[in-house]
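Chains A and B, in that order, are what the protein sequence lines are. The first sequence lines up with residues 1 to 274 when you count with the UniProt record's numbering. The second sequence lines up with residues 1 to 236 when you count with the UniProt record's numbering.
Derived by calculation from the structure, the hints in this document are not laboratory data. Any given hint might turn out to be false.
Said to hold, decoys possible - Here are some chain B residues pointing at chain A (derived, C-beta under 7 Å): (1) G132; (2) A136; (3) G141; (4) S143; (5) G145; (6) M149; (7) I151; (8) Q155.
For glycine and all other residues, C-beta sits at the position ideal for the given N, C-alpha and C.
Here's the letter readout for the chains.
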Amino acid sequence: MIDVINLRKSFGDLEILKGINITINKGDIVAVLGPSGSGKSTFLRCLNCMEDPTSGSIVFKGVDIADMKVDINVHRRHMGMVFQHFNLFNNKTVLQNVMMAPAYLQCKDLKKAKNKNRMIRFKNIFRSKKEELIPITTTKEQIKSETKKQALELLGRIGLEDKADVYPSTLSGGQKQRVAIIRSLAMNPDVILFDEPTSALDPEMVGEVLELMKKLAQEGMTMVVVTHEMGFAKEVASRVIFMDDGQIVEEAEPEEFFGNPKNPRLKEFLSKIL
Amino acid sequence: MGNFSAKVDKFIEIFIDQNGYVKVVQGLQNTVLIAIVGLVIGILIGTVIATARVLPKYKVLPRVLNGICSVYVAMFRGTPMVVQLLVFYYVLLPIIGWNITGVQVAMLVFGLNSGAYISEIMRSGIQSVDAGQMEAGRAVGLSFGASMMKIVIPQAVKNILPTLGNEFIALIKETSVVSFVGAADLYVAFNYIGTNSYEFMVPYLVMALIYIALILVVTLLVKLLERSLKKSDRRN
């Protein structure tokens, strides 16, 4: 689904990513490990062009989204992202956090379609052969009530329906991160990118977030996870990649990766943490 | 001091019997109107400029916009309000051929002037919002503009509300110079009463009191607004 071809990224003179090639297929759960400063986060943020790649291409569902001419916002709708520091919208309630993006974007599309229809109708006055209108099946109210229903359903899944109308500042870290995951799910993404989703959490709350991520994995969601949770990588990932100095130095299935590491740097890394 | 009660009597005579209060009400109306319209225009301009100045700088267009905005801010912060009023009323508008009243010119100039100040206030507000908020907005597929409007600016406004209140108060007080371009504000009204009674002590005293009352009301309103926006904060 995502083909990364010779991806490079520099900040000024500092080259962070030195040519990354990887293919992520539908249903893959890719865990990205590596020492700090190895470019894991930058790699993940390049996948949805949060950082614009310096060179190389990222082909997502047949479109090179690293190309500056592509409307990145359209493609980001299909790529969820979960951040280390949650980044819930502080000025919105939990429910609004979850439903805002789908409701807003669908309403915007509806408005666009209506405007286009208006143009077509106007042009049709002068044409002998009439152009057909774009079919419009929903209304703004319908979109709002549907996205709200979906949002409440998602909140029910993580057991936070009763928190729907509170502001994020009153939630615990684990709750915030689960809401953030739900928020990206509300867009029905094809892939979700996790940027160290448990690093800013209390040890006690790591479990609930990982549990939710495992559930998503079992449902067949494609995930790319930058993490320090070796247990999660071992248990859930279908592939583990190890990055060092801006390059992928080892890529293997978890048993192979942890049981029989080949790269010396990876051996050193594993010996330190296991 | 026996003198003083005579002066008060004289003031009341002109204020009530000779319809002085009509002028005062009109002046008050103009003062408040100029300040409010100025603030609204200022907030609009300020938000646009602030947004233009926080755009990522690696493309050409944001750099050009940034340059234009810096020039604008430098011009309006670098000259006194009175000078701006005079230049607009006697130089720029006649050249363009616009025929508008002193009050309208005052609204325009107050808007443009406060826009320059508010843009800096707003910029600091926008920069006080965690960059992650914008990233999260972009990550769910909102455009830069939509993330700005729906997520960053509401939070920025909440942070800068006390400073914006300050700006509004400053605007109200600065309206006392609009008589330079023939707009009838509070000062003009009380000056009228004073000249008619050959007595300025009481009219100007009352004028000062009205300004203070006006600003106390504004302070209270800002406080209430701040409280209602604080509901998403933990500390309330």
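How the hints compare with the structure:
1. Annotation: interface hint on B/G132 holds; nearest CB of chain A at approximately 4 Å, less than 7 Å.
2. The beta carbon of B/A136 is positioned within 7 Å of a beta carbon in chain A (closest approach about 4 Å), and the interface hint is therefore held.
3. At its closest, the beta carbon of B/G141 sits 4 Å from a beta carbon of chain A; the interface hint therefore holds under the 7 Å criterion.
4. With 7 Å as the threshold, the beta carbon of B/S143 comes within range of chain A, its nearest partner Cβ sitting at about 5 Å, so the hint holds.
5. Contact between B/G145 and chain A, as hinted, is not supported at the beta carbon level, the nearest pair being about 10 Å apart and thus beyond 7 Å.
6. A hinted interface residue such as B/M149 counts as satisfied when its beta carbon comes closer than 7 Å to some beta carbon of chain A; here the least separation is about 10 Å, so the hint is violated.
7. Using the Cβ-Cβ criterion of 7 Å, the hint placing B/I151 at the interface with chain A is satisfied: the shortest such distance is roughly 5 Å.
8. Taking 7 Å as the C-beta cut-off, the interface hint given for B/Q155 holds, the closest approach to chain A being about 5 Å.
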